[in-house]
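Position 98, counted from 1, in the sequence shown is what UniProt numbering calls 98; the numbers after and before it change by one each time, with no gaps.
Please keep in mind that the hints were generated in silico from the structure rather than gathered at the bench.
Hints may contain errors.
Only pairs whose alpha carbons sit at most 20 Å apart, straight line, appear in this in silico PhoX-like list of lysine-lysine [claimed, not checked]:
| id | residue 1 | residue 2 |
| --- | --- | --- |
| 1 | Lys4 | Lys29 |
| 2 | Lys86 | Lys15 |
| 3 | Lys27 | Lys101 |
| 4 | Lys115 | Lys86 |
| 5 | Lys86 | Lys139 |
| 6 | Lys33 | Lys4 |
| 7 | Lys115 | Lys101 |
| 8 | Lys15 | Lys4 |
| 9 | Lys136 | Lys115 |
| 10 | Lys136 | Lys4 |
| 11 | Lys139 | Lys115 |
| 12 | Lys11 | Lys86 |
| 13 | Lys4 | Lys101 |
| 14 | Lys27 | Lys4 |
| 15 | Lys136 | Lys86 |
| 16 | Lys11 | Lys33 |
| 17 | Lys29 | Lys11 |
| 18 | Lys15 | Lys33 |
| 19 | Lys4 | Lys86 |
| 20 | Lys29 | Lys139 |
Label pairs and their calculated CB-CB ranges [stated by the list, open to error]:
| id | residue 1 | residue 2 | range |
| --- | --- | --- | --- |
| 21 | Phe126 | Lys29 | 15 to 25 Å |
| 22 | Ser16 | Glu149 | 31 to 41 Å |
| 23 | Lys115 | Lys11 | 14 to 24 Å |
| 24 | Asn14 | Leu125 | 17 to 27 Å |
| 25 | Asp80 | Leu21 | 30 to 40 Å |
| 26 | Thr84 | Ile13 | 18 to 28 Å |
| 27 | Glu121 | Asn14 | 35 to 45 Å |
| 28 | Glu121 | Lys11 | 17 to 27 Å |
Just so you know, even glycine gets a beta-carbon here, dropped at the ideal spot from N, CA and C.
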Amino acid sequence: MDFKQIQELVKMINKSNISELSIEQDKFKITIKQKDNEVQQVITVPATMAPAPAVAAVTPAAAPATAAPAAAPAAPAKADNLVTIKSPMIGTFYRSAGPDKAAFVNVGDEVTSGKVVCIIEAMKLFNEIESEVSGKIVKVLVDDASPVEYDQPLFLVEP
1 MDFKQIQELV KMINKSNISE LSIEQDKFKI TIKQKDNEVQ QVITVPATMA
51 PAPAVAAVTP AAAPATAAPA AAPAAPAKAD NLVTIKSPMI GTFYRSAGPD
101 KAAFVNVGDE VTSGKVVCII EAMKLFNEIE SEVSGKIVKV LVDDASPVEY
151 DQPLFLVEP
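Based on the provided sequences and hints, a complete structural model is requested.
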């Protein structure tokens, strides 16, 4: 079973009501489990606004109001046409093939559909993640060597 087939299985499981799937073939075994559908609210505040989390904890409605003006100057009216490249799996995000290698893409780089933009390590396997869109990298949303979740935004691309 190759990587693309595993990705398709994960997508199908996520769209269905199946909570767990196990497949065994020769010396290969895979088990895919869905998380419980718990609602989890995450409030992200820019690092420059240190007092904001205390205010957000007291009044959750104030967090979007303080976060929105801070994000507006960084991405002016163009934010509507940006495309997000998301993580197809859970793992560790790497911007380059090795510590001494250059990053696959940087802000301002042009990418084409099929170009490798990063690597995600999952269970000691290094999976190259390819862009599904063509355009210019506007923002890298994840730090190098950080854990990422399934469907987590990794890059913003201006088509």
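Which hint numbers does the structure go against, in order from smallest to largest? 3, 10, 13, 20, 22 and 27
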